[in-house]
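Colleague: Sequence:
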Amino acid sequence: MTTASLRPLLATFAFLVTTLHPIAAMAEIRMLSGTVTYRERIALPPAASVEVRLVDVSLADAPARTIAETTITPEGQVPIPYRLEYESSDIVPGRSYALQVRITAGDRPLFITQTRHPVFAGGADRTDIVVERVAGATTSPAGRWLAEDIRRGGVIDRLQTILEIAEDGTITGTGGCNRMSGKATITGDSITFGSIAATQRACTPAVMHQEAKFFAALQDVRTWRVDPTRQKLVLLDGAGNPLIVLAQH
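In the working numbering, the protein residues as written are 44 to 292.
It is worth saying that the hints were derived from the structure and are not from the lab. A portion of the hints provided could be inaccurate.
Claimed, not checked - Derived lysine-lysine pairs resembling DSSO-like cross-links, with alpha carbons at most 27 angstroms apart:
hint, residue 1, residue 2
1, 226, 256
2, 226, 275
3, 275, 256
Just need the whole structure built from these sequences, with the hints factored in.
Modeller: Put into structure tokens, the structure is as follows:
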């Protein structure tokens, strides 16, 4: 091949170098990092995941456009660290960008961002994010509950079998005849009930039978779940079988 015949190829190569090199230089991988936390003193269930997104929020009347996202399975509780990679070429001067977070357990939303966390706006990037609890989301079995069913055998009408669970696991209530107290150990969606202390009143045989069945069922409980639509707490054994169904009271 002669020098003359090489000239067009060299010219094409030189054109590609001068035009493609700036594009490659513009598309740098950059990083945003920070933490995700919330104010409630409650633990996340083991199945929780944290989704962090970088979005374009320039248009107030249109959905935010996702620029980059990452999903984290927390190894501990909050604050949860994250690192989010994005391409610098995706950030256009004059547009508005923000970070958004969702914490979910399966398909159930637990926490979301409800205030804007802007980035690339000329000031300090707001990468430490506080999320808000979703209305109706339950990440703890804490509350005051009325038993509706024990071991699939129902309960006595108008007999109040009450279980109160505090955020620290302290339990109080009544089996239907006697007042009770004790402590539950709650880790994510796991729960076990320790020894239960109860008063020693005597009631009718039917009431005493239900109370004994309730106390015994509590000892076999290993997990919990809440149905937020029906406002029910379900306590289950290690195989996932419902032992006690309770309603908010």
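Colleague: All hints, please: hold or fail.
Modeller: Hints and how they fare:
Our distance criterion of 27 angstroms between C-alpha atoms is met by residue 226 and residue 256, whose separation comes to about 18 angstroms. Between residue 226 and residue 275 the CA atoms are separated by roughly 21 angstroms; this keeps the pair inside 27 angstroms, and the hint holds. With a CA separation close to 20 angstroms, the supplied pair residue 275 and residue 256 stays within the 27 angstroms bound.
Going through the hint list in order, the structure satisfies each hint without exception.
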